[in-house]
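Produce the complete structure using the sequences and hints provided.
The lines below spell out each chain.
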Amino acid sequence: MSIFNYFLKKEKKSTASVAKERLQIIVAHERNKRHQPDYFPKMQQEIIAVIRKYVNIDDDQVSVQLDNNDDCSVLELNITLPDRSAD
Amino acid sequence: MAKIIVVTSGKGGVGKTTTSAAIGTGLALRGFKTVVIDFDVGLRNLDLIMGCERRVVYDFVNVINKEANLNQALIKDKRTPGLYILPASQTRDKDALTMEGVQTVLDNLAKDFEYIICDSPAGIEQGAQMALYFADEAIVVTNPEVSSVRDSDRILGILQSKSLKAEQGGTVKEHLLLTRYNPERVAAAEMLSVADVEDILAVPLLGVIPESDAVLKASNQGAPVILDHESEAGQAYLDAVSRLLGEEVEHRFLEVQKKGFLKRLLGGKK
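Line order of the protein sequences matches chains A and B. Just so you know, the first sequence maps onto residues 1 to 87 in the working numbering. Just so you know, the second sequence maps onto residues 1 to 270 in the working numbering.
I should point out that these hints are in silico values taken from the structure, not numbers from a laboratory. Quick caveat, the model's predicted, so the values are computed rather than measured. All C-beta atoms in this analysis are idealised placements derived from N, C-alpha and C, irrespective of residue type, glycine included. It cannot be assumed that every hint is accurate.
Said to hold, decoys possible - A partial selection of chain B residues facing chain A, derived with a Cβ cut-off under 8 Å:
1) VAL146
2) VAL149
3) ARG150
4) ASP153
5) GLY157
6) ALA189
7) GLU190
8) MET191
9) LEU192
10) SER193
11) ASP196
12) ILE200
See the structure below:
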C-alpha cells in the first residue's frame, strides 16, 4: 500500500463498517415487519386509498406502524400533507 | 431423550452440510450415539460430504412412505463408531416430506439416538421449515457477509415463530456459528468481525470456523473436516462441539497469525 493510499483510506469509511450499518438498518426494518399481523400491508394500502380520496399524497408520505407494548398495541399513522400553497 | 439440533442458515453455500457432518461426527467422537439427517430432498449431498454416497440404498422418503424401514435406510459411518446417516431422497417431488412422516421418523430415531442432527436445505420454503420444526436447538450457520447475515436473521424469525417449541410457548435454543472467517480481512476492515455479527444477530456464539483449505480437501475426500486435527477448521469444530456440550472453551483463530520469517519467504499456507 502506498503512502498515498494510506491517506486516502483515512477519509473513507471501511467497507466492513458500511456493511454493518446497512445490515443494522435493514435487519431492524425487517424485524419490525415480522411482528405485523398478516392483514397489515393490505390495511395500509386501504388507508392510503381512503386518504387519497380527499388529499393527493404519495405512498411514501404515509407511515403506518404498529407498536406492541406489554399489554396494548398502538397503531401509529403518520401522514405528511402536501404544502398548502400547492392546493 | 434425544436432542434434536437443526443446522440452518437461510442462505445457501455457507457451510450447513459441512457443519452438519462435522458436528455430527464430533458428537459421535465424544461417545454420543448420533444420526445426521439430510433434509435437502432432491439435492442430496450429505452422503458425499460424509463419504458414504455409494452405500445409499434407501432414503428418508422411502422410510416415510414405508417402502423401507429405518434400519434399512440408516447408513453406519465407517470411520466413527456410533455415527449414522439418513440420506435424503433424490426425488423431484417437493412435497415428499410430510409433517406426520417426519415426526414418526424422528420419534423412532429418538428411541435409539442421543443426538439427531437435521441438515436443512437452503431457503425458507417447506423443506427448511420441516427441518427446523421439531428442533430443540438450532445452529445458525452464517458467513461474515451481508446477504448471509440478513438471511440468518430471517431464519431466526422463523425459528421464533414457526417451530413446534415456539408454538408451545417455548423457545428453540439458538447458536451462532460463523464460518469462512478471515482474520486478515477483518483486520483490514474489509470483513464483518465476530463482534459485528454478534451485535446484529444477538445470538450466543457457538464457534468461529476460519476460512481454510482443509474444508475443500475434506469434502474432496468425503471425510468430515473435524477429523483433520491438523487443520484450524477441524480444531475450531472440535471446540464448537465442546461448547455445544456445555463446556467453556476459549475462541481461537480470531486474530491474524504472525507468519514466521521462513513462512513469509516461502509463502506458507494454512
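Checked hints:
1. VAL146: Interface hint status for VAL146 of chain B: holds (5 Å vs cutoff 8 Å).
2. VAL149: 5 Å, holds
3. ARG150: 6 Å, holds
4. ASP153: 5 Å, holds
5. GLY157: 5 Å, holds
6. ALA189: It holds, given that the least Cβ distance between ALA189 of chain B and chain A is near 3 Å, below 8 Å.
7. GLU190: With a closest approach of 6 Å, the GLU190 of chain B hint holds.
8. MET191: Holds - the Cβ of MET191 of chain B comes within 8 Å of chain A, reaching about 6 Å at its closest.
9. LEU192: 5 Å, holds
10. SER193: OK, holds: SER193 of chain B within 8 Å of chain A, min 7 Å.
11. ASP196: 5 Å, holds
12. ILE200: 5 Å, holds
Taken one by one, the earlier hints all hold for this structure without exception.
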